Structure formats: C-alpha cells, structure tokens
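Participant: Chains A, B, C and D, in that order, are what the protein sequence lines are.
Mapped onto the numbering used here, the consecutive letters of the first sequence carry residue numbers 146 to 441.
Mapped onto the numbering used here, the consecutive letters of the second sequence carry residue numbers 146 to 441.
Mapped onto the numbering used here, the consecutive letters of the third sequence carry residue numbers 146 to 441.
Mapped onto the numbering used here, the consecutive letters of the fourth sequence carry residue numbers 146 to 441.
Hints are not guaranteed to be accurate.
Remember, identical chains collapse to one label, so a pair may be satisfied in a single copy or spanning two.
As the list claims (entries may be wrong) - DSS-like cross-link-like pairs, simulated, lysine-lysine; straight-line CA separation at most 25 Å: (1) Lys438 - Lys404; (2) Lys391 - Lys302; (3) Lys439 - Lys391; (4) Lys439 - Lys423; (5) Lys404 - Lys423; (6) Lys404 - Lys391; (7) Lys423 - Lys256; (8) Lys439 - Lys404; (9) Lys256 - Lys438; (10) Lys363 - Lys404; (11) Lys167 - Lys391; (12) Lys391 - Lys363; (13) Lys438 - Lys363; (14) Lys423 - Lys438; (15) Lys363 - Lys302; (16) Lys167 - Lys302; (17) Lys302 - Lys404; (18) Lys363 - Lys256.
Simulated from the structure, these hints should not be mistaken for lab results.
These numbers come from a predicted model, not from an experiment.
4 protein chains.
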Amino acid sequence: MAQVAFIGLGNMGGGMAANLVKAGFDVNAFDLAPAALQGAVEAGCSAAASAVAAVANADYVVSMLPNGAIVESIYIDGDQLLDAIPQTALIIDCSTIAAQNSRRLSEEAQKRGISCIDAPVSGGVAAAEAGTLAFMCGGTEQAFEAARPILSAMGSKLFLAGGSGAGQVAKMCNNMLLAVHMIGTAESLQLGVDNGLDPAVLSEIMLNSSGSNWSLEKYNPYPGVMDNVPASRNYEGGFMNMLMLKDLGLALDAATGSKSSVPMGSLARSLYALHAGKGNELRDFSSIIEQFKKSP
Amino acid sequence: MAQVAFIGLGNMGGGMAANLVKAGFDVNAFDLAPAALQGAVEAGCSAAASAVAAVANADYVVSMLPNGAIVESIYIDGDQLLDAIPQTALIIDCSTIAAQNSRRLSEEAQKRGISCIDAPVSGGVAAAEAGTLAFMCGGTEQAFEAARPILSAMGSKLFLAGGSGAGQVAKMCNNMLLAVHMIGTAESLQLGVDNGLDPAVLSEIMLNSSGSNWSLEKYNPYPGVMDNVPASRNYEGGFMNMLMLKDLGLALDAATGSKSSVPMGSLARSLYALHAGKGNELRDFSSIIEQFKKSP
Amino acid sequence: MAQVAFIGLGNMGGGMAANLVKAGFDVNAFDLAPAALQGAVEAGCSAAASAVAAVANADYVVSMLPNGAIVESIYIDGDQLLDAIPQTALIIDCSTIAAQNSRRLSEEAQKRGISCIDAPVSGGVAAAEAGTLAFMCGGTEQAFEAARPILSAMGSKLFLAGGSGAGQVAKMCNNMLLAVHMIGTAESLQLGVDNGLDPAVLSEIMLNSSGSNWSLEKYNPYPGVMDNVPASRNYEGGFMNMLMLKDLGLALDAATGSKSSVPMGSLARSLYALHAGKGNELRDFSSIIEQFKKSP
Amino acid sequence: MAQVAFIGLGNMGGGMAANLVKAGFDVNAFDLAPAALQGAVEAGCSAAASAVAAVANADYVVSMLPNGAIVESIYIDGDQLLDAIPQTALIIDCSTIAAQNSRRLSEEAQKRGISCIDAPVSGGVAAAEAGTLAFMCGGTEQAFEAARPILSAMGSKLFLAGGSGAGQVAKMCNNMLLAVHMIGTAESLQLGVDNGLDPAVLSEIMLNSSGSNWSLEKYNPYPGVMDNVPASRNYEGGFMNMLMLKDLGLALDAATGSKSSVPMGSLARSLYALHAGKGNELRDFSSIIEQFKKSP
C-alpha cells in the first residue's frame, strides 16, 4: 500500500491523518507536540522521529501547518525537507497560506524534480474528522489527478482552481465572500428586527428571494431561527472568528499585492478584528451579529 | 367580476394591470400620463378620468407609484382618494416606499374603515409583464388572504412579512443584502482574476462552497461566465443601478430611524452612488464590477 | 430694548436665553416643560403661557428644538406660530434639522412676509452657557446682518453658509468630517500602540505632520495624552455619541437626497450606531476609540 | 569631513544626496541605474562602482530604496552590505518599508556591532530637493542624535518615534490618517456642493470649526478653492496615488499582523486602489475627490 508522510497533526491534521489510515494508507506521522503525535499513533499512524524521518520512503507527503513561515521553514529554509523527499513523491500541502508561499514551495520542489500541489481545505474540524472536507487545489492537472486518491480519503469535494497557488487564491476569495455575506445577512436580519420583523419570517422571505446566500441557508446567525447551527448554541463550535480573521488577512495581503480594490472584504476584516478583539476569538464567526444588537 | 382600480401605469404598473385584465378582472385604470393610460386601454383596461373616478365602485384599489410623497399626496393630502374609496374595498399599495409612509396610509385608511396592505414587489419589468413578481406584504392575515386573488394574477410568490409596513421592511432588507452579496461577489471574482484565476472556474468553486449566493447562482456579474444575464449583454436590461440606489436609500433611512448599524449596507449605498454617478444610472446593477476592474 | 421670543429651553436653549438676558434683551420664554421654563425665569426671562403668547410683540423669534417634525409642527402645522408672529420680526431657528425642513419654514415665513434664517450651532452645552457658540447660518445677507446682535450675544463665531437651509448643510458636512477624522485618529493611534508606539509620542508626531486635524489638536481620544478633554475623564461630558449619531443621520439623509457618495461618512454613522448601541449613547464621542481596543 | 555612502538615487534619493554634498559631506553614491548615478555625480557626489565599494570607509550609510525586499537583499541576503560596512558607521535607512523589515535590518546590523535607524520621510520630491523633508525615526536616542547632522542636512523636522521600526509605524499611521481625512474632506465638500453650497465658503467654515484638518488647511482637494495646490493644476505634481496606495498597504499589513481593526484606513486603501486603477496612479492623491463627482 502507498506510503504517506503526514506533517502537522493539530485539530485538523489529526482527523485527516486518521482518515488516511482508515482508507488503508500506511501513514508515517510527525508533529513537534508529543500529545498530537500520540493521538495519531492511537489512530493507527506510525510515529516518525522527525519530519525528515517521516518522508524517507513516502509516495505522498501531506502537510497541514499553521502559517506560511512554518511551511517555508520546514520544507525549504530550516528542516530542508525537500532535500529528503524522494523525487517520485507528490507533495500535497493543505495549509492555508499566502499564494506566494505556495508558489515558492512549488518552485523549489520542481527544482528537485518533485511534484507539488497546494490544497487548502474548507469545512472545519468536524469535516476533517468525517472525511468530508472540500479541497481547493493549485497545480498541474496531472498532479491533481495523482493526488485524488489521497484527497478523496479525506474529503468529498475536490476542486482544481488553476496552477500553483491557485488553491490558496480560490480559498481566500471564497472565504472573503463568505465573510461579506455573513455580515450582510447579520445586519439585514437585525435591521429587520429593529423595525419590527420576526427574524424567522424575514429569513424565510430572503431565502426565497434575491437575498439568498449560504449564510442564510446553512448557517443562520440569528439565535433560534435554525437548529443545529452555532447561533443556537451560543456560538460554540463552528468556524472560529480568529480563523476567519486570519483568512481575511490573507485575502487583503493578496489584494495589496495585486493592487485590487476590495472594499467589502476590507470592511469585513476590520469588523472581524473589532469583534475578535472583544474576547470572541474562539467563538463561531456567525456571532458577528452580536455587534449589531443593542445592549445596555 | 370584481372591479379593480389601478393607479400608476408606468413600466411596472402597465404590465401588472394587463395581467389583471388577462385574469378576468374589470380594471379601471388611471395615470397622469396620457401615453401610459392609452397603453392600459390597449391592454383591455377602462380609462378613468381621474384617480377619484377610478375608485368609485372598486372592490380592490391597486397602486404602483414612484415614491412616498406621491402615495401620501394621492391617497391622503392631495387627491384625498381615501374619502372616495368604498369602505368595502381593499387597498393594495405595491409602491416601494418607506415603511412609515405605508403605516400612515394604513392608519388613515383604517380610520375610514378601509383595509389596506403594503405589497412592494421584486422581479422587475420582465416579471411584471410575465406575471411572475414576488410580493412582500405587510398587513393583517385577513387582508393578505383577501388580496391573494389579485396578487396571484400578477405574481408567483406571495409573502406576508408582518403587520402594516412590514412588506416594505422585508423588501429593503432583502435588497440591501442583495447589494452586499453582489458587490462582495464582484470584488471576490475580480480579486481572483487579478491573482491569475479564471473567473468561470472560481465562480464554479464558490458556487459549490460557502461563498455561494444568489448573485453567483443566478446573476454572475463577470462578463462571459453565464449566458442570459446582464453581464453578457453589456449590462443592459435587468435591475437598474438607480433603482438599487433608491432601495438602499430607503434601507438607510430605516436604519437611521431605528439607530441600527448597517456598515455593509451603508458601504453598498455609497458604492452604488459612486457607480451610478459615473453615467451608469440606467445600466444593470451587476455592472458594479466595473469599478473593481483596472482601466487605462 | 428689543423683544426676543425664545422657544425651547433645554440644555442648549436655557443657556442661550440666559445670555440674551445678560446682553440686555427682554426675553419672553416658552417651553412645554415647567422645570425648563422655571430655569429661564430664574435667569431673568419672562415666562410666556404658550409659544403663541411668547411671540406676540417679538422683534426676534429664536427657537432651539429637538427635530424637524417639532419645528414644522410648532411654526406651521400645529401651533401655527407663523400666523402669530409680527411681520417685522426675524425668525432665527437654531435647531439642527434637515435642510429641507429649514427651507420649508423659510418659504412659509416668506409667504407671510416674515424673514427667517436657519442657524444651527456647534459647541455644546458649555459653549451655550459661556456664550461662545459657533453659528452656521442660511438665509439672505440682510437677514444674517439683522440677526447679528442676537447671535453675537450667544456666540463668538458667525458664518453665513448661503441661502436658506445652507446653515444646516454646512453643519452636517462639518460634523460628518469631524466624525471621520475622530475615528481615523482613534484607529491610527490604536494601530500605533498595537505596534509598540507611545500614544503621546505618536500624537505629537502626527500633530506636526500631514495627519494633523482638530481631533488630534483639541480633543485627543487616547486616555492620558491630553488634559481637560473627555478622554481624561472617562469620556464624561463633551459631545454625546447620540448627538453625533443624529448629525450623521442628517448628513446621510442629505446624501440620499442628492445621490451623493459618502463612503467614509456612511461608515462613521454605522460605527457610531454600533458604539452608541453598546450602552454609550450618553458618553463623549471620542470614546469611539474603545471599539478599537482589545478587551478580554 | 565625514564620509557618507548613499545607496539609491531615485527621485527622492537624488535630491537628498545633493543636499548632503551642499552641507559639505563627502558622498560616495551608488545606484544600479547609470543615469541616476550620473545625476549624483553632477551634483557633486563620487560614483562608486558598487554598493559594497561605496560603503568602504563610510561614517554614515544612507539608503533610499523602493521596498523591503530590496532593502533586505542589499544589506543582508544578496549584496551582504552589512559585512562590508565599518563597525563605526551608522546606517540611516530612509526607505518606506514594513517595520518588520526595519527591525530585521537593525538586528542583523547589531549582530555585527553596527548602529542603525529607520528614518522614512514625508514631504515628497520637492521637499527632498529643498532639504525640508520630515524624518520619522526608529532607533536608540544615541543613534538618533548621531544621525542628526545628516538628517538636518536633508530635512527640517526630525522625530524620534521609538525603538527600531517605530519610524515606519509612525509614518504609516500618519499617512493612513492623512488618507482618511483627505477622503473625508473630499466627500464632505462634494456633499455640500451637491446640496447647493459654494466649496470655498464651506471650506472656510469647516477650517474654522471642528472639521478642520491638514487636507483642508494646506491641500484643499476642490479645484479652484486654493492656489498652488495640485487641485488647481489638474492634480499634477504632489503626492502620487500609487504612493499613497503603497503606504496604505503597509499600514494594513501592520494591522493584519497586530490584529488591529482599522475600518476607515481599510476603506481608504480600497478607495485609493479603485481610484488608482482608473488610470490615476501618477496623479496627486487629492484627485480622489473626482470619484465623488457625478459625470456623464
């Protein structure tokens, strides 16, 4: 069976590695945190002594790391993993980082004859555990197809957005738009309520009209309108404000680089920074509606 | 057959009155503009000599007028139509106006024992002609049910949003949210393109992800991505920027009245004012994406 | 000595009427609230039994009322004060209201041969008591000159902005700009502090550079940087958030009417609505900086 | 006389180097562009064959480079200038770059025993030539004092903002605030004009009221109100939109790093991106007012 090296076993990576084991892959796992590594072992992975050790005979190297500086440090400048990875291996970096970081990784890999795709995910911890993540990928069609067995074991939706880095761009565009319609939905619902409407009735009307969007359909931010969403459990679980803030930061960095005007996305970032800064970093991102409610 | 008085035969009202005729109603129509009145006659309406004459024996009074000042002037302060309408009639005002204008009309009607609902529409001229408008209504359930035969002859979706004025509030909330996700969609697509993505590929990915919304699904603003939308015919037809600007103005007036914070909606109004002010008043509202494109 | 009728003796009007007495005018005062009227009597005014009674022999009618609906009701539609005011009198309305309300008052006055100017103030309660208000006036030059003795008794800066209503427009433009640079100053200072700078040092640098503005010079929002400003007394006193919110609402109403794009002013209104809605209605408007501080 | 190495002789650097010559310093200049180098020679500098050659016996190294990547490349990663600079020299980097780039340069210099300050300027090409720049510096007080003779030869205002990188932070905060009040001034003036006011009269009123700010006082954006400003010469000369956009990008990068909410600054960046993107990159930044004017 194919050998997978898995680097980065946090909340997301842990579930993803476990799903690779379930799908029958031999997984050599590594994480600097012993507890995370122990969890992976319990899920059926082998514990590697280092990142370099993990990749020794890998057919696939999968990584899930917190930011671009760490990705560059592990693969290129610090651990120099690229020099230890077999030329026949395929790198699948699932970290959410700047497109330019992904492009540098890909170029450095290519210099050594190694294929690489960026494959950031959407769906959160629950989807990581359930194997229902969405992957937005950047790379060649050939590399994307080669990655399919691995990605299919961890997710249910696979998209090829374009060449190297395109997966990152697609994810940041999507999440910026998500932030915009979540806030737009929140302030529209609250405006309706402030003017005497029932939030459930207004939600139903807009859901069947041109205001319809994913936030309204799957993730209504107004408490009590929809069951089984964070708004109905005090915004616990779900997609944390600090992660939305991170993704919006990446989107704005990209906009700065390309001199793009993104007024709604910029405003969304500042509103999430304001909201997260008031002690809400760990709460679900639909809690932004609380900023629009009057309180004594 | 029931008698309908129809006041206001513009682009929208003309098509609506014609559909009432087709459904078998006797329609006494009035408009200050002779050409508009003539068009209604050709569609099978009787021409009334004045608004007061039109309502003489009406079972229903339907009005479609451009703003709240005109609605108040015709019904209350100027023509004093309320004093000429039979007590047994039902007033269905389809104008898009401030909720407070609708509430005043309803209160004044009630003083005279006349029932009244506000029933602003969405769908535009094409839907007015096709009889597929959506109506967002405010009034009692009884009045809403009484209006159903009339509304069904002109539209395909009927919503009761709450008491008097609630139809207006629902419409302005919906259209504010529409403006927000249209602009958000436009700037997200352009950010993706500025960073090397194909707009059709990015659209497909976001449509199947959490960025999904009505603008992306039915009304893609990027030229060439979707057939049969304004973006594919130089933004002709569709929903004009000046009308979106008007609706956003109503939403902000409501927000001012209720001291509500609507940062995304406010920004949308200013961006539509900027865009409309550059000679785009009559073009479709998805043309806002042109503001985000670089040009020499 | 000239006779002045003074209508509206709230926090602002009370101090203004007292200064007219001090300057030697005979002041016939009226307010619906007995306590307010009593205060004016203690300051040397005569108490009138009604607004109509107050204006009987007036050379000047000065009014300071909370909103446009009340101004129109007292002068025109309700008390019909215009029919009781001598033709030789000059009306000086100091209320902060929409320009269209001021223009209607002026037109109705003119029909009866009475001169009228709008003269909204800036400076707050302290300046009203000290007689150091600024007046931004709209009307003819002749009426402005005729008003000068009265205005000089209550204020230290007199501006003629243009014809009827222009005083209102000038005030709302000024206060919108004030809100914009106050928020801009607040977020710039906080960004500096978040990146390691001393707020006093940064304030000094920007005050001597192109970032300089009235908020930085007279009203630093960062606690401890400047003495004798609201920021140094927990934002008590000063110019209340609810009043800034009201003025921004008037500015946006004007922008809606003239189809103007005011993105910064719109955002300022939403941020003040958010801030006021969190229990800060009565605190000074420089407290907006608290929204940009992180708190647990 | 003291030896100065000057690296980077563009529009700004050329004038600055010339002023050092005028003040009596021996200036060894270097630039990759032969024409720029030739200009410096004509101003009295000696031409160095390389950056490394220029610094050989320097008492001061002054650099004026376009971005942080180039600064890091020349001093550290590429040319490794730090290894060629005498330990007794003082580095004065006048480039406008991210604070983190300045801090890395300072740390690397310190490792080699070399002192370093960041000293970004404000004032533009005219001030560079006239020797009236403002310098916002980051570093120790000792280094700042040591730099004073050099800075005084090129500028008229010297500020010490704090430790290493603080000069960059101060400049980006100041310029963000400048952008905010410039746009606020522009939209307030245009709102007034759209509502019937004379822009000169309104400017005068706000300048004497709480709306007062540097843009209104020194740099009125409305054509015809003030002489000798870019608005009176079709926005030629002055501070280019592309440079303001760059500075706002640096400010937002800092805000992303510190998780700060900067709603006004963010909106300013998007409006400048929109404006620059319409062919206005090289025009003065006060031309932003054109976005708020209606045009056919």
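Participant: Enumerate the violated hints, using their earlier numbering and listing them in ascending order.
Facilitator: 7, 9, 10, 11, 17, 18
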